[in-house]
Amino acid sequence: MSEPEKRPLIQMQNVNKFFGKFQALKNINLEVRKGERIVVCGPSGSGKSTMIRCINRLEEHNEGHIIIDGNELTNKVKDINAVRREVGMVFQSFNLFPHLTIVKNLMLAQQLVRKTSKAEARETAMQYLERVKIPEQANKYPIQLSGGQQQRVAIARALCMKPEIMLFDEPTSALDPEMINEVLEVMVDLAKEGMTMICVTHEMGFARSVADRIIFMDLGEIVEQAPPKEFFDSPKNDRTKKFLSQILSH
Amino acid sequence: MSFDLQLIAESLPMMLMGIGITLKLLVISGILGLLLAICLLLMRISGRWYFNVPAQIYIYVFRGTPILVQIFIVYYGLPQFEAVRDSVFWPILREPTGCAILALSLNTGAYVSEILRGGVLGVDKGVLEAGSALGMSAHQKFIYITAPIATRLALPAYSNDVISLLKSTALASTITIADMTGIARTIVADTYAPYEIFISLAIIYMIFTFGLQKLFGVIERYLSRYTKREG
Numbered sequence: 001m002s003e004p005e006k007r008p009l010i011q012m013q014n015v016n017k018f019f020g021k022f023q024a025l026k027n028i029n030l031e032v033r034k035g036e037r038i039v040v041c042g043p044s045g046s047g048k049s050t051m052i053r054c055i056n057r058l059e060e061h062n063e064g065h066i067i068i069d070g071n072e073l074t075n076k077v078k079d080i081n082a083v084r085r086e087v088g089m090v091f092q093s094f095n096l097f098p099h100l101t102i103v104k105n106l107m108l109a110q111q112l113v114r115k116t117s118k119a120e121a122r123e124t125a126m127q128y129l130e131r132v133k134i135p136e137q138a139n140k141y142p143i144q145l146s147g148g149q150q151q152r153v154a155i156a157r158a159l160c161m162k163p164e165i166m167l168f169d170e171p172t173s174a175l176d177p178e179m180i181n182e183v184l185e186v187m188v189d190l191a192k193e194g195m196t197m198i199c200v201t202h203e204m205g206f207a208r209s210v211a212d213r214i215i216f217m218d219l220g221e222i223v224e225q226a227p228p229k230e231f232f233d234s235p236k237n238d239r240t241k242k243f244l245s246q247i248l249s250h
Numbered sequence: 001m002s003f004d005l006q007l008i009a010e011s012l013p014m015m016l017m018g019i020g021i022t023l024k025l026l027v028i029s030g031i032l033g034l035l036l037a038i039c040l041l042l043m044r045i046s047g048r049w050y051f052n053v054p055a056q057i058y059i060y061v062f063r064g065t066p067i068l069v070q071i072f073i074v075y076y077g078l079p080q081f082e083a084v085r086d087s088v089f090w091p092i093l094r095e096p097t098g099c100a101i102l103a104l105s106l107n108t109g110a111y112v113s114e115i116l117r118g119g120v121l122g123v124d125k126g127v128l129e130a131g132s133a134l135g136m137s138a139h140q141k142f143i144y145i146t147a148p149i150a151t152r153l154a155l156p157a158y159s160n161d162v163i164s165l166l167k168s169t170a171l172a173s174t175i176t177i178a179d180m181t182g183i184a185r186t187i188v189a190d191t192y193a194p195y196e197i198f199i200s201l202a203i204i205y206m207i208f209t210f211g212l213q214k215l216f217g218v219i220e221r222y223l224s225r226y227t228k229r230e231g
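First to last, the protein sequences are chains Y and C.
Residue numbers for the first sequence follow our numbering, so the first one is 1 and each next one is one higher.
Residue numbers for the second sequence follow our numbering, so the first one is 1 and each next one is one higher.
Rather than coming from a laboratory, the hints here were simulated on the basis of the structure.
There could be a bad hint or two in this list.
[Claimed, not checked] Derived lysine-lysine pairs resembling PhoX-like cross-links, with alpha carbons at most 25 Å apart:
no., chain 1, residue 1, chain 2, residue 2
1, C, Lys228, Y, Lys140
2, C, Lys141, Y, Lys115
3, C, Lys24, Y, Lys140
4, Y, Lys104, C, Lys228
5, Y, Lys21, C, Lys125
6, C, Lys228, Y, Lys133
7, Y, Lys104, C, Lys141
8, C, Lys125, Y, Lys140
9, Y, Lys34, Y, Lys21
10, C, Lys141, Y, Lys76
11, Y, Lys104, Y, Lys76
12, C, Lys125, Y, Lys104
Quantities reported herein were computed from a predicted structural model and do not represent experimental measurements.
Could you build the full structure based on these sequences and the hints that come with them?
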């Protein structure tokens, strides 16, 4: 683990997060190395989304340290922007900009944040639309696309920023079943290319085949983490066993 | 009673001579009011109390008092102050038209700022989070995401306010301005035929309103082009 390319990209140290009196995250310690693929699972309300939203500061942690690729997340706008440039995020509800065409959805942040020229931004956008296999939709508006297509556009939009890390917050939960695979395929490709990924998902097939490590959360805590085989075949914690029996029983 | 069509035919062209002034009041107050509204909106959503509170007080005062009273205060009240008479604004404020435009702008600005705020609040939070996650700054998100979406959301209520402003311009006739209503009142004073004249006047305003409705319909269709499933 001492090779330079295996440096820790994400470090969360004793992170606590409160919503009013409710403690959403309890003493989270997590280290993710470059190229690692992490799947986070757990019952609803267990803090999975909150945890990954803290990584790019969509939620503010109250205590502890979060260090992304050497930059500690503080209240300073500069630090936050430095981190957000490195971290791409895909949301459950796609969150495409409804008033912009697909290609402009991909170009906007490149031009504003990366300061790339219009021509270059368009070229990068088309390149990533090819990768998610929908270049022909470039001039449509988001509402004219299916959910699966919209989510692939959202992934492409994040990739256009050339992030070091990709966060997925239940990317397939809002999709009709027949569209889930087209999104998972894109994610699998991304994993094969060595992208550092943290995915909150209930897709256990994906977790089993792609994840290096599965993290199980419950009531704001990381209860157990293990490689997929160990996680599914011999979970140690009772809460993990109960959760697995519930989601794998049918 | 008889309905004097001859009189209507004669007075219509006279009233239409006031259309220029009505239009001037509408367009200038509309534009100044919109600019004021945008300032008030930015103050309201700035998240800083020293901007937010004054804007709220302003809006409360101008929505809480009749527009006619506001026109009277500007027209009869402001010239009482020497500072106003000495100021660079005096050439504007000594004219009734300037006073009417000022009062109408101040009034419509208060209403429109709340209409715009409604649009801003209607923008989906998730879309703004996506902007944040891509590293966009607060200003960039406002200009490139919030503003265009909020404009579309606010447009139906905004067109309502512009139509309302058109009708408020008629109040300018109370401070000697010869807009369409002012001319109509003069004709009525001469002819003692309020029925014919005011009904004709009402019809002119309705035709005017119809034009505004059509105009806003076109803008609305343009701004809503991305909400149709079929492209």
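Verification of the supplied hints:
1. Lys228(C) x Lys140(Y): 11 Å, holds
2. Lys141(C) x Lys115(Y): Holds. Lys141(C) to Lys115(Y) sits at ~15 Å (cutoff 25 Å).
3. Lys24(C) x Lys140(Y): Violated. Lys24(C) to Lys140(Y) sits at ~41 Å, over the 25 Å cutoff.
4. Lys104(Y) x Lys228(C): Between Lys104(Y) and Lys228(C) the Cα gap is close to 18 Å, so the pair holds against 25 Å.
5. Lys21(Y) x Lys125(C): Within the cut-off at roughly 24 Å; holds.
6. Lys228(C) x Lys133(Y): 23 Å, holds
7. Lys104(Y) x Lys141(C): 15 Å, holds
8. Lys125(C) x Lys140(Y): 22 Å, holds
9. Lys34(Y) x Lys21(Y): 35 Å, violated
10. Lys141(C) x Lys76(Y): Holds, because 18 Å separates the two Cα atoms, which is no more than 25 Å.
11. Lys104(Y) x Lys76(Y): Roughly 29 Å separates the two Cα atoms, so the pair is violated.
12. Lys125(C) x Lys104(Y): Measuring from Cα to Cα gives roughly 20 Å; hence the hint holds.
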